[in-house]
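With chain V held as given, fit chain D onto it using these hints.
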Amino acid sequence: GNSVTQMEGPVTLSEEAFLTINCTYTATGYPSLFWYVQYPGEGLQLLLKATKADDKGSNKGFEATYRKETTSFHLEKGSVQVSDSAVYFCALSLQGGSEKLVFGKGMKLTVNP
Amino acid sequence: ETGVTQTPRHLVMGMTNKKSLKCEQHLGHNAMYWYKQSAKKPLELMFVYNFKEQTENNSVPSRFSPECPNSSHLFLHLHTLQPEDSALYLCASSQDLRTGPYPYEQYFGPGTRLTVT
Chain V
8 GNSVTQMEGP VTLSEEAFLT INCTYTATGY PSLFWYVQYP GEGLQLLLKA TKADDKGSNK
68 GFEATYRKET TSFHLEKGSV QVSDSAVYFC ALSLQGGSEK LVFGKGMKLT VNP
Chain D
2 ETGVTQTPRH LVMGMTNKKS LKCEQHLGHN AMYWYKQSAK KPLELMFVYN FKEQTENNSV
62 PSRFSPECPN SSHLFLHLHT LQPEDSALYL CASSQDLRTG PYPYEQYFGP GTRLTVT
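For the protein sequence lines, the chains are V and D, in the order given. If you're matching positions, the first sequence starts at 8 in my numbering and goes up one per residue. If you're matching positions, the second sequence starts at 2 in my numbering and goes up one per residue.
Just chain V, same shape as in the assembly:
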């Protein structure tokens, strides 16, 4: 089946630290990959996406590269801010017949000043 495995937190970092959140996937087809972020008290927001191998998604200083050979989509940011404190979800979707997003369990990040 289709599944997403991501680092489970929670993780606490100091401001300006480097962030990596690992995400690997299993899919029966050729998925699109996403990172969603959920700030406290809010719904999920799309952070970035990639639709084919070697694509790099980027937004708000975050980046992730679609690696088909390692079935991975790791999220990185060079210097985190307090405002990045949130829960981060990796997800995939497959075109054709299954429109749904398959999510990882999410990882809570806290950034301290």
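Any given hint might turn out to be false.
[What the hints assert, rightly or not] Computed cross-link-like contacts, EDC-like style, restricted to lysine to aspartate or glutamate with a CA-CA straight-line distance of at most 16 Å:
(1) V/K107 with D/E57
(2) V/K107 with D/E45
(3) V/K107 with D/D97
(4) V/K107 with D/E106
(5) D/K53 with D/E68
(6) V/K56 with D/E54
(7) V/K63 with V/E76
(8) D/K23 with D/E68
(9) D/K37 with V/E49
(10) V/K112 with D/E45
[To be verified] Computed footprint of chain D on chain V; a stretch qualifies when at least three of its residues, placed anywhere within it, have a C-beta under 8 Å from a C-beta of chain D:
(11) 51-61
(12) 107-120
Read the hints as simulated data drawn from the structure, not as lab findings. Glycine is no exception: its CB is placed at the ideal position from the N, C-alpha and C atoms.
Chain D in isolation, oriented as in the chain V frame:
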């Protein structure tokens, strides 16, 4: 109002009560979704509607009953729930699932925090 709104934001109900959750999207989308978010578990897709037609029911117990009267509104009717149904229920919307463009970016509401006592 903009985006996806959900009401109520918090709900406490007994196991014998009947209540409904409401979702409204102001994005001109035609597909709507219900998700369940429980602690320490991945988000679970419950239902998908496209142009008011249910296209997916992810083996959800019958005590959850969705209703989609039009492309802008989605309801989740609740009756005789169990304590394990306590969770955050998220609504999302996206563009038409038949014509795309793919991938379908989903826009989420803030959720309804449900507690079953």
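Evaluation of the provided hints:
no. : hint               : in the structure
1   : V/K107 with D/E57  : 9 Å, holds
2   : V/K107 with D/E45  : 10 Å, holds
3   : V/K107 with D/D97  : 13 Å, holds
4   : V/K107 with D/E106 : 10 Å, holds
5   : D/K53 with D/E68   : 9 Å, holds
6   : V/K56 with D/E54   : 28 Å, violated
7   : V/K63 with V/E76   : 15 Å, holds
8   : D/K23 with D/E68   : 10 Å, holds
9   : D/K37 with V/E49   : 14 Å, holds
10  : V/K112 with D/E45  : 10 Å, holds
11  : 51-61              : holds (count 5)
12  : 107-120            : holds (count 7)
Consistency note: the structure conflicts with earlier hint 6 alone.
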